[in-house]
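Mind assembling these two chains? They're in different frames, but the hints should get you there.
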Amino acid sequence: MTSLATLHDRLVRSAADEGLLDVAYRTVDSPFGPLLLARTPVGLVRLAFAVQGHDAALQELAEAVSPRVLEAPGALDDVARELDEYFAGRRHAFDVPVDLRLARGFRRAVVEHLSQIGYGHTASYTQVAALTGSPRAVRAVGTACALNPVPVVVPCHRVVRSDGSPGRYAGGDEAKRALLALEARA
Amino acid sequence: MHEPFERVVARHGATVLRVCRSVLRGPDAEDAWSETFLAALRAYPDLPPDANVEAWLVTIARRKAVDVVRRAARSAVPVDELPERVAVDGARDLDLWDAVAALPPKQRHAVAYHHLAGLPYDEIATLLGGTPAAARRAAADGVATLRRTYPTKEEP
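Line order of the protein sequences matches chains A and B. The first sequence begins at 0 in numbering that gives the first Met the number 0 and counts up by one. The second sequence begins at 0 in numbering that gives the first Met the number 0 and counts up by one.
Excised from the complex, chain B in its bound form (with noise of 0.2 Å):
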């Protein structure tokens, strides 16, 4: 028995946008998003009525987001030299981004899922395939990552 699918957008829309925000920027994450959400609507009377539709929609969107990324780097033209960067107030989030963006694809997957998303382990074990222990054991290791790489600011 499946429940109208707007309230499937209304229940997990959120989720999935942080999902694709961990790995994406900007437009590239709406239009994953929105990505996502299409195909869903799509295979949505064909989806089991007891599956588990949120990690059915991170299956999904972790598709998306790569078949987004794989578009722009077909696009992508390369630079001689890299922008300079702006450091700013309130950039902070961005480097997060940034520092979630370059851990090892493991564990980005399993932080952006387990601490982004909040699906338990056994869900992301799933998703990434091997155990829950391994799957804890990644996102462990990025959050540790993450305390060294990301630049915390001291307040005065």
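Pulled out of the complex, with its shape left as it was, chain A reads as follows (with noise of 0.2 Å):
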């Protein structure tokens, strides 16, 4: 008898024919434990995380996107590909497309700029103010960068504190030193 696993693939592919899979998602492993990554047609759209929550993150994709969400590991699979190579050093860019559409107004505004700190590189929040044309938005500028709703593919770890530290991160300050330690090897 045909188990429920795959009436689920049966039902993910049909919902992709036929234009129903608005969000689809799958989790990865990473040197940070498990990642939620969710894409819609556009592009990803969020990743995620475990101390953001993986619960809390599908249920905000369901109000904010749309309810019609599936786990559908295959539609993630260059997303996983690209940020494994990007942990083992081998990708400083990433390729897949991003979807925006949860940061709005100002937040998206630095989260559009934050792309043009290249790998390796960081600025301060302050420089980040000034790029947006915003230069004396340095704290909202920090909130921007914390509900970055694709960290990692768009870099807000690169973001530091003017002297230098590196500053809170949604993943976990570890993470962060994590990320610009890893970067500064190449």
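Quick caveat, the hints were computed from the structure, so don't treat them as lab data. Incorrect hints may appear among the rest.
[Claimed, not checked] Listed below are several chain A residues computed to face chain B (Cβ distance under 8 Å; list not exhaustive): (1) T1; (2) L57; (3) P66.
[Stated by the list, open to error] Covered by chain A, per the in silico footprint, the following chain B stretches (three or more residues, Cβ under 8 Å): (4) 4-16; (5) 41-51.
[To be verified] Quick list of the computed label-pair ranges, beta carbon to beta carbon: (6) A:R90 <-> B:R62: 47 to 53 Å; (7) B:P47 <-> A:R89: 47 to 53 Å; (8) B:A9 <-> A:A15: 17 to 23 Å; (9) A:S2 <-> B:A101: 24 to 30 Å.
Don't be surprised by glycine CBs; every beta carbon is placed ideally from N, CA and C.
Here it is as structure tokens:
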């Protein structure tokens, strides 16, 4: 008899064929524990560390994007592969498309500017504020980075304090230090 | 506030499969399951947030099962002779499906929804029409019939 897992796979395929797979997600292992990856037809819409709560992240996607959320690992194979390469130090830039719809207004503007900070480089919160044309909005830049919906792929970990210390990180301060160390080795 | 559809599949997938298998066999039951969840996924964003998701899914499953039966009936080729029934050990479950499938429709659905899908009688009444008491009676009559028709094997 066909198992529920097989029926689930079949449902995911039909949903994709019918254009009903609004949010596909999977979890992958990483040096920082399991990561939740979610994508829309536009691109990667969410990356969440375990400390951020994967269930909460999925609920947020259901409310903010669409409740048509299904676990569909195959839909995120390319993202998983690029992350593997990045964590192994073999990839310095991500090619997968991102969907920044979870970041709105000023947060969106900040997140869009983060990709300008290259691999192995850092910028201070003050510099990013200047970059977005709002030099006084330093605290708001910090908030925007903390709420970045696709950390790692959009490199908010490269934004540090003016004294050069790493500062806070949604995935945990230790993860930020490790990411900066990984990129410094290259 | 809708939860991710994945949770709906995880929570109710097995129940819907039991409902489909109570009225259909093998691949037909699985087709009905797939069609049920695809239709549910399509309509899910418009489902009222306070709706009873399980009763909603069972309603769709019942409709999809009827569709599958109708399609099968249209494509069925009449045969001159029925194939001989092969009775082997382990075939008791198939006998049970036969016995359930042979019940009058109302009894069959009441038995399937209550004893296989685990729905309470007031929800079954909503699905079948009539009162909860009538649904309870139909299920009880169905079980009484099954006690007579379902071949039980005496343990040696």
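A closest beta-carbon separation below 8 Å is what the hint needs, so does L57 of chain A meet it against chain B? holds (5 Å)
When I compare C-beta atoms, does the segment 4-16 of chain B have three or more residues closer than 8 Å to chain A? holds (count 6)
Cβ distance range 17 to 23 Å for A9 of chain B and A15 of chain A, holds or violated: holds (19 Å)
Is the interface hint for P66 of chain A satisfied, with its Cβ closer than 8 Å to some Cβ of chain B? holds (4 Å)
Can you tell me if the segment 41-51 of chain B counts as covered by chain A, using C-beta to C-beta distances under 8 Å and a minimum of three residues? Coverage by chain A holds for the segment 41-51 of chain B (3 residues, Cβ < 8 Å).
Assessment of proposed distance window 47 to 53 Å (beta carbons of P47 of chain B, R89 of chain A): holds (50 Å)
Chain B contact restraint on T1 of chain A - CB to CB distance below 8 Å: holds (5 Å)
Could you say whether the range 24 to 30 Å given as a hint is met by the Cβ separation of S2 of chain A and A101 of chain B? Hint holds: Cβ distance 28 Å, inside 24 to 30 Å.
Do R90 of chain A and R62 of chain B keep their Cβ atoms within the hinted range of 47 to 53 Å? holds (49 Å)
The structure meets every hint from the earlier list without exception.
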